[in-house]
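If you want the building blocks of each chain, they are given just below.
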Amino acid sequence: MKKIFALILITVFATSINAQQSPGKDHSKLKISCKTCHTCDVPTKSEPCLVVCPREKMVTVYQKPEQTPELIVIDQMVDRYNPVYFSHRIHAQMSNMGGGCEGCHHFNTSGPILKCSSCHESSRKRDDVSIPDLKGAYHRQCMDCHREWSHDTGCNSCHTPKKDSKNNNKDNLQKKYAGKQHPVVLEPTKLVYETKSDKGKFVTFYHNDHTKKFGLSCTTCHKQESCTKCHDVNKTDKNKNQKVVTKKTFEDQHKNCISCHSKTENCNKCHNEKTLEPFDHGKKTGWALNKYHINLSCVKCHGSKLPYKKVDNKCSGCHKGWDSENFKHSVTGLQLDEMHSELSCEDCHMENNYAKKPSCDGCHDGYSFPKQKPGKLVGK
Amino acid sequence: MPGKSRRDFLKSSALIGAGVAGISTTAKAGPDNILSEDRMGVLVDTTVCVGCRNCEWACKDAHNLPAGNLESYEDRKVLDTKRRPDHTALTVVNEYASGKNSNLPVDVKVQCMHCDHPACVSACIVGAFSKHENGAVTWDTDMCIGCRYCMAACPFQIPAFEYEKALNPMIMKCDFCIDRTKEGKVPACVSICPVEALTYGTRTELVKIARDRIKRNPDRYVDHIFGEYEVGGTSWMYLANKEFTELDFPKLGEKPAPGVSESIQHGIFAYFVPPVSLYALLGGIMWISKRRKELDEEIK
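One line per chain: the protein sequences are A and B, in this order. Just add 828 to the spot in the first sequence (first one is 1) and you have my numbering. Just add 158 to the spot in the second sequence (first one is 1) and you have my numbering.
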């Protein structure tokens, strides 16, 4: 009996390990070559011939940019050039909306950050040429962005020739990059897209509503942004409203919107013949948001499940704990005087309907709110 | 000549020629002009190329052509005009507007494609051109008579001619760095490329790699390996994110450029039989027409 029990335990344990490491069904269709993980041509379940380096599981050592090294020295080319001092921290910060750590540390194991050379061979003449060599791998990481925003492919923007060592002192550079941060990215208020749609030519997108009111983080939409979205030396006037022509497909164009606005929604909700007003809770629902509610994200009241659930206009719908015992009336901007604080809520708020004007008729003749007040205004 | 192509005509006339000369078509067969299973190639991934033009410099440097200093190649104004390889630059990089899913321009390196069935080898009347076992298509300067048939035959218009040289002008083109590869090195352009946009390997392996890249990144590439099948296959192959015709690649069929006549033609010209018989024939025609004219005049 003991033996059987042990056997079951072992099997359960073994399968759980297996499940943990499994890269998932259909992983052969992933955007990485089989050779990246398997050393043999035909990996089997019993002999998967896995290499130490990349696994399906991406970087889990997901450090904040502030925790990463500030400068990294790349000095494999010391015979021709001075070492390259790579300002890692600021690049890590900049990559936030451009793919994050995985943008460069691709296919990393769930362990520590691996060296590029653990997968990329240092010799150009080699047996397996399916992945780039070390020189190619390094330059591919840097040059696409650098040439995109400087339109320049000169070696000297990163490498300084041996003879010129004045400007390439590690201490100087460390000082230069110490605490340096990318300036806060300014956020547009409103973007108007001119589309070819016959259901309405213009799409008005209130960017600040989406971030502040609807509580979306930058990376919800901006996942693979390139630096040139903002930085382009060819752009003449930065302040001028510029028309940018995109070449995105229909699916790509709608991808970010559709994740919240369902596909079946009426096109006219976004597409219109003129630019639209920003979202106004008061106009849309008949319940204007006061200063307490205006800064809340939608999900706080309406739940995160889409479509948003309806919320009635009774305070107790959300504020469960509010009853006549412990409600502080002053949060409404009106502090009740001693007499009125003794009353129960429905004495003034008929049928507990707080959307309606309170009534004084229960006790007073000819009194009405707000002409006569049951206390003093304290400001919200 | 309806129903009869130029190729058929060449075939039949070459056969007649061979019959006349009585020469075995395999007389010149040696290690050259054969397709080895392990022949090498280069896969040019234009989505990776950054257009630094270091390959242009390295090529000149390796072939003892005036190269200038490497820094001067950083000038990107050169890319404003489309250039062709010539006798001063055996490879050039041209830049085109960006393709799908990219903000970056497309840079395309141009050089000899080193065809598997090279038209230049076929067209060369003295057999100076040969396809080597490692995939390279080269020519023997000492044998070259400067007829420039290779230039006319090349589907990619690659061989260049030193027109401005009065004495001993030579045909020039990329030789796949045959001197370097013999020493076990990779071609000069491949060696210098900072991003390894040029991958040097066996052609079979490169086709596999290229197919794999397209399969795994369908958003990045158009589904076409230029050179896999064009003119019967080439040693240099290309990947791109826009149609190849938009990158000034010629639209070519999958049939090899004429290759049947190659050894026959070489054999014939080696013994100068057809020229002699041709001149004899022409002389005969001339004599007959002259005679006819004389007869006509006599009648008048």
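Where hints are given, some of them may not hold.
[What the hints assert, rightly or not] Below, in silico cross-link-like pairs of lysine-lysine (DSSO-like), each with a Cα-Cα straight-line distance of 27 Å or less:
#1 Lys366/B with Lys953/A
#2 Lys1051/A with Lys373/B
#3 Lys1076/A with Lys343/B
#4 Lys953/A with Lys343/B
#5 Lys218/B with Lys1076/A
#6 Lys343/B with Lys863/A
#7 Lys366/B with Lys873/A
#8 Lys258/B with Lys1083/A
#9 Lys340/B with Lys953/A
#10 Lys1029/A with Lys366/B
#11 Lys218/B with Lys990/A
Hints were generated in silico from the structure; no laboratory data involved. Remember, it's a predicted structure, so these values are computed and weren't measured experimentally.
Status of each hint after checking the structure:
At most 27 Å may separate the alpha-carbon atoms for a hinted pair to count; lysine 366/B and lysine 953/A meet this at roughly 18 Å. Simply put, lysine 1051/A and lysine 373/B have alpha-carbon atoms about 23 Å apart, close enough for the 27 Å limit, and the pair holds. Taking the CA atoms of lysine 1076/A and lysine 343/B, the gap is near 43 Å; set against the 27 Å cutoff, the hint is violated. For the suggested pair lysine 953/A and lysine 343/B, the alpha carbons sit about 7 Å apart, so the restraint of at most 27 Å is met.
A hinted pair counts as satisfied when its Cα atoms are at most 27 Å apart, and lysine 218/B with lysine 1076/A does not qualify at roughly 40 Å. Distance hint between lysine 343/B and lysine 863/A is fulfilled; the C-alpha atoms sit about 25 Å from each other, no more than 27 Å. Using a Cα cut-off of 27 Å, the hinted pair lysine 366/B and lysine 873/A holds, with the two alpha carbons roughly 24 Å apart. Distance restraint check for lysine 258/B and lysine 1083/A: the Cα-Cα separation of roughly 17 Å lies within the 27 Å cut-off, and the hinted pair is therefore satisfied.
Under the criterion of a C-alpha separation no larger than 27 Å, the hint pairing lysine 340/B with lysine 953/A is consistent with the structure, at around 13 Å. Proposed proximity of lysine 1029/A and lysine 366/B is contradicted: the alpha carbons are some 46 Å apart, above 27 Å. Restraint check for lysine 218/B and lysine 990/A: the C-alpha separation of about 24 Å stays at or below 27 Å, so the hint holds.
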